[in-house]
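Trainee: Residues per chain, in single letters:
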Amino acid sequence: MAGSSRFEFERDIAEIQNQIDRLRTVADEGGLDVSEQLAELRGKLDALKEDAYRDLTPIEQVQVARHPQRPYSLDYIERAFTDFVELHGDRLYRDDEAIVGGWARLDGRPVMVIGQQKGRDMKENLRRNFGMPHPEGYRKALRLMRMAEKFGRPVVTLIDTPGAYPGIGSEERGIAEAIATNLREMSRLRVPVVSVVIGEGMSGGALGIGLTDRILMLEHAIYSVISPEGCAAILWRSAEHKDKAATALRLTSRDLLQLGVADEVVPEPAGGAHADWDAAAAAVREALVRTLTELDALDADELRRRRWAKYEAMGTWIEGPTESGAATAS
Amino acid sequence: MAWFRKEKKPLKPEDRRDLPGDVFEKCGACGEILYREKLAENLHVCLSCGHHFRIAAPDYVGILCDDGSFEEYDADLESGDPLGFADSKPYPERIQAAVKKTGRKEAVLAGMGTIDGVEVSLAVMDFRFVGGSMGSVVGEKIARAARRAEERNVPLIVVSASGGARMQEGIFSLMQMSKTSAVLGRLHEAGIPYISILTDPTTGGVTASFAMLGDVNLAEPGALIGFAGPRVIEETIRQELPEGFQRAEFLLEHGMVDRVVDRRELRATVAGLLHHMVD
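Chains as they are written, first to last, in the working numbering: chain B, 991 to 1320; chain A, 45 to 323.
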């Protein structure tokens, strides 16, 4: 995003973008041919973008994952899917707009798509609670997943939340029960379920729609048991140590792939998903179509058997005095 | 029940627990001075106000199981250090300190036993071990306890006490929520009873997975039970929380647990439920 250099590593990129803009203005006014210089600057810009985003530190990854210009669930649904019909409400209490969901087509086939939804501005964020769902959101999600199961359609979930909402109503109406029930019921679904972490996947609030046959992560997305700020506040006794916490938590897509929790990393366009929403959505679409085609080969029993085996193998432990324990699931 | 570990309510029980000649204990709720021996006989429930002191995992085995029926499983499971995590202290050192303090290798004690003659698979969490936090070993031991219940077609009983996920195991600790809930999904389909007993405190990832998934959820009086901790909520909403918020009685009122059960009635309540659900 030229001109809005929110992050240090984007400052050089913004500088070159400025030069290009200035050169263009000058050329337009004076009627000069600057195409050569422009091409050179553009080349430089591309290289810089690629470089800057190749070696982000973990805390920079966190910033990119939370970038306010990053595409959110509805932006992906609009671009990677067609014929979206949003469905509302948990049939118990209300409609939680921090989670959106409904029927859509992916490469022509009907799927149920569900995602956490952040707001683009303050007004929308108040409506969507900054993408932090209440119990109703998880119960709506489960209702839609069961509907998908009823009609034999696969489920796609898009994960992007700072966490489930820590508030009075949330606790009163059983946020823990809502997440727990989703986990148990998602493990039993007789249709394929795939999740894509598109931004920040924080804690149980992310996981509440995340027990799936495959976990895909966008290149600059993060997935963690706790936010680096929260972790630093507890273990380092100050949120200022969030960079250390971000590193220690191993929360980048590369880490998760290495640890065997993520199944695939979906590459983002140069400069990150926020630089080119269409390209990012195209990459997500391609990965989802391919993954669902793979899962089509499995019948419901086999699908569930593998899903259970995948999650039951998760973790690392040491057993007995010498024997070395199981590794991570793959 | 000489093996009962005697514990104090203050936050650092390890400082005082084994002081020789310490025959009295003060109730953290009403301030009454209690004979430790009497307190232990009363299952660590204050004789004056009924306050439930926190107790260790083996204590619950003694309370719930028929004498001599319990056999421990998976006692040798130990935490690895999958992330090489270090804050002010390397993670393996934290684990070692907890092992030394509790004499146990992890925050779950699991095994098979009988309750009023009914064979059960039992797992009990121990809050003294790194705050009962759930890492890979906790998840695995709960999952194995559930699988034993499934394989032997006997009820599963889990007693929870946990501050939540164990951050030092990063994403693996989060995935233990999926793991334990997934095994319970299969248990559910097999028609096997699962009774979840929530004790003080049960919060975070443990509440948002296996602790809330009982066919029957029981809670001890006054137990703090929730997803987010009260401090986090207060910081988020910037207001004081109402009296009794997230306590067992609050959860009963809001429909999240079936019964609040006095510890002295726990065994009889569980036995009664089991007889309704099996044979």
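Any given hint might turn out to be false.
[To be verified] Restraint ranges, calculated between C-beta atoms of paired labels, are given here:
1) A/G128 / B/E998: 26 to 32 Å
2) B/V1016 / A/P134: 56 to 62 Å
3) A/E284 / B/V1279: 39 to 45 Å
Just so you know, these hints were derived from the structure itself, not from any lab.
As the structure is a prediction and not an experimental result, all values here were calculated from the model.
Think of the CB as a built atom: it goes at the ideal place given N, C-alpha and C, for glycine as much as any other residue.
Trainee: Going back to the hint list, which numbers does this structure go against?
Mentor: Hint 3 is the one this structure does not satisfy, whereas the remaining hints hold.
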